[in-house]
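If you want the building blocks of each chain, they are given just below.
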Amino acid sequence: MTPDRAHNQRRDGARRDADHAIDRLLDGGMTREQSQDLLRAIRADARACEELARTRICVERLREPVEAPDLTDAILSRVHSRRRFLPQHGRRLVTVGRVAAAAGLVGAVALASFVQRHAPQVRLAAEPAPVTRFVEAAAPAAPEQAGLSQAVESLQASLAAPVRALSLSPRYRPEGQVHFDLSLARRTERVTPVYTYGMPRAYAVGAPAASDDRSPASAETQFISRFGSLLVILREPPPAIDDLSADE
Amino acid sequence: MDRAEERKLIRRAAAGDKQAAGECIRAYQGQLYAYILRLSGRPDIAEDIVQEAFVRVLTNLDRFDDRYRFSTWLFTIARRLYVNAMQKLKPVYESDIVGSWQGDGSLPEHGTIGAEVATNARSELERALQQLPPEQREVVVLFHQFDWPIARISQHMEMPEGTVKSHLHRGRKRLRSMLEASERATERIGEVWGDS
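Quick note, the sequences are listed as chains L and P, same order.
When we follow my numbering, the leftmost residue of the first sequence carries the number 1, and every step to the right adds one.
When we follow my numbering, the leftmost residue of the second sequence carries the number 1, and every step to the right adds one.
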């Protein structure tokens with residue numbers, strides 16, 4: 001390396017260091033002592049001194065005040081059109097209303113707490129009911145349940161052997177109708193067909209449906225008034241090919 | 001305005017007090033206008049954005065989280081509006097930058113020597129600022145004009161502090177060299193004009 005080149009490299013390195021230090025100074029990242037040390041260090045470096053001075057002048061010019069128009073009225077009128085300002089008495093009313101609502105709430109809570117402490121037997125709100133309560137509540141309905149059981153038994157008795165063996169568990173329709181749905185192991189002659197053919201085939205028991213009525217609702221049988229109408233639909237597998245030919 | 005006073009004013013404005021809202025506007029409109037003007041270089045844009053930012057802020061004061069500074073919220077909204085405006089008006093801005101050496105609009109298209117001599121230091125500064133890349137310009141303005149610390153600028157511009165410092169150093173250096181060049185040009189024009 002030639003002496004000139006080494007000198008230039010040292011000079012460039014020193015400049016970079018000085019620039020870096022100046023940046024730190026201008027960034028405000030130096031203590032007072034560090035700033036003074038830097039200023040002392042660059043005092044001999046005319047280029048660094050000039051750079052610092054010029055940069056300071058340049059950024060100081062940014063601090064010069066900018067003349068700004070007064071936009072207060074324009075902004076307030078636009079704000080007022082979107083969200084109305086309230087006069088002082090209006091704001092007072094709002095404040096009083098909020099305070100009153102808060103006081104009411106606090107009063108209600110305090111009253112509830114007082115009542116609970118001094119009269120615990122008074123129930124201010126519905127308590128969550130345990131399962132046993134439901135059992136107790138269901139007790140008055142027992143006679144109706146018994147009536148339903150009897151109806152089921154009489155229905156079973158009226159049915160042929162394969163149906164009788166099935167347990168009848170009612171399903172409740174949203175409209176309050178009790179609905180028994182039985183699946184038969186084989187066809188039986190004790191039921192009246194509602195559907196001529198189709199999957200599945202349905203039969204009504206007790207009240208024969210019209211042959212052209214395909215609606216299971218027409219097969220309703222009134223058994224128990226407490227539960228409304230009782231519908232029994234028996235479902236069985238589709239008839240064998242022999243049976244179909246026999247129907248024809 | 002200190003924080004306690006600011007909070008009190010904002011609570012009153014949020015409750016519908018017109019006078020408090022007016023005080024909020026008067027307290028910050030100058031800074032906000034200067035900020036947007038420095039960024040855009042266009043008074044009409046600055047005026048529109050200042051108005052819109054205040055309208056949005058004052059109609060949503062009930063959403064203001066008073067753990068933060070009101071000015072931070074206001075400047076953030078104004079900045080977003082400015083960025084949106086820049087995106088919409090991009091071709092205009094680009095042509096402004098390209099043509100910025102021709103004149104600032106108040107001067108004839110092909111500025112005369114006399115007009116160039118009359119160009120004051122402020123317009124030189126504005127012009128030099130407009131030559132900076134947007135990030136450098138914004139960082140330099142926020143740091144040196146509004147004395148925002150690096151951390152706050154970093155949060156406001158959603159960039160790491162190191163990047164903010166880098167933009168600041170480069171922006172400052174470029175701004176200085178452009179102003180120096182501009183001054184030298186003005187001196188030369190003055191010498192020629194004086195000699196003739």
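Hints listed in this document are in silico derivations from the structure and should not be mistaken for laboratory results.
For clarity, every value in this text was computed on a predicted model and none was experimentally measured.
Just to be clear, a hint being listed does not mean it is correct.
What the hints assert, rightly or not - Quick partial rundown of chain L residues pointing at chain P, CB under 8 angstroms, derived from the structure:
1. R15
2. M30
3. L71
4. A74
5. R83
6. L93
7. V94
8. V96
Unchecked claim - Label pairs and their calculated CB-CB ranges:
9. P:R69 <-> L:R11: 41 to 49 angstroms
10. P:S123 <-> L:T31: 33 to 41 angstroms
11. L:M30 <-> P:Q131: 37 to 45 angstroms
12. P:N60 <-> L:A41: 22 to 30 angstroms
13. L:N8 <-> P:N60: 41 to 49 angstroms
14. P:N60 <-> L:R11: 42 to 50 angstroms
15. L:D70 <-> P:I189: 51 to 59 angstroms
16. P:T186 <-> L:R83: 44 to 52 angstroms
17. P:R3 <-> L:V122: 43 to 51 angstroms
18. L:V109 <-> P:N84: 30 to 38 angstroms
19. L:R54 <-> P:D62: 32 to 40 angstroms
20. P:Q155 <-> L:S113: 41 to 49 angstroms
21. L:R15 <-> P:E126: 26 to 34 angstroms
22. L:A112 <-> P:Q155: 43 to 51 angstroms
Even for Gly, the Cβ is constructed at its ideal location relative to N, Cα and C.
Verification of the hints:
{"no.": "1", "hint": "R15", "verdict": "violated, 13 angstroms"}
{"no.": "2", "hint": "M30", "verdict": "violated, 14 angstroms"}
{"no.": "3", "hint": "L71", "verdict": "holds, 6 angstroms"}
{"no.": "4", "hint": "A74", "verdict": "holds, 6 angstroms"}
{"no.": "5", "hint": "R83", "verdict": "holds, 5 angstroms"}
{"no.": "6", "hint": "L93", "verdict": "violated, 11 angstroms"}
{"no.": "7", "hint": "V94", "verdict": "holds, 7 angstroms"}
{"no.": "8", "hint": "V96", "verdict": "violated, 12 angstroms"}
{"no.": "9", "hint": "P:R69 <-> L:R11: 41 to 49 angstroms", "verdict": "holds, 46 angstroms"}
{"no.": "10", "hint": "P:S123 <-> L:T31: 33 to 41 angstroms", "verdict": "holds, 38 angstroms"}
{"no.": "11", "hint": "L:M30 <-> P:Q131: 37 to 45 angstroms", "verdict": "violated, 29 angstroms"}
{"no.": "12", "hint": "P:N60 <-> L:A41: 22 to 30 angstroms", "verdict": "violated, 52 angstroms"}
{"no.": "13", "hint": "L:N8 <-> P:N60: 41 to 49 angstroms", "verdict": "violated, 60 angstroms"}
{"no.": "14", "hint": "P:N60 <-> L:R11: 42 to 50 angstroms", "verdict": "violated, 57 angstroms"}
{"no.": "15", "hint": "L:D70 <-> P:I189: 51 to 59 angstroms", "verdict": "violated, 36 angstroms"}
{"no.": "16", "hint": "P:T186 <-> L:R83: 44 to 52 angstroms", "verdict": "holds, 50 angstroms"}
{"no.": "17", "hint": "P:R3 <-> L:V122: 43 to 51 angstroms", "verdict": "holds, 50 angstroms"}
{"no.": "18", "hint": "L:V109 <-> P:N84: 30 to 38 angstroms", "verdict": "violated, 48 angstroms"}
{"no.": "19", "hint": "L:R54 <-> P:D62: 32 to 40 angstroms", "verdict": "violated, 49 angstroms"}
{"no.": "20", "hint": "P:Q155 <-> L:S113: 41 to 49 angstroms", "verdict": "holds, 46 angstroms"}
{"no.": "21", "hint": "L:R15 <-> P:E126: 26 to 34 angstroms", "verdict": "holds, 30 angstroms"}
{"no.": "22", "hint": "L:A112 <-> P:Q155: 43 to 51 angstroms", "verdict": "holds, 47 angstroms"}
Going down the numbered hints, you'll see the structure goes against 1, 2, 6, 8, 11, 12, 13, 14, 15, 18 and 19, while the others check out.
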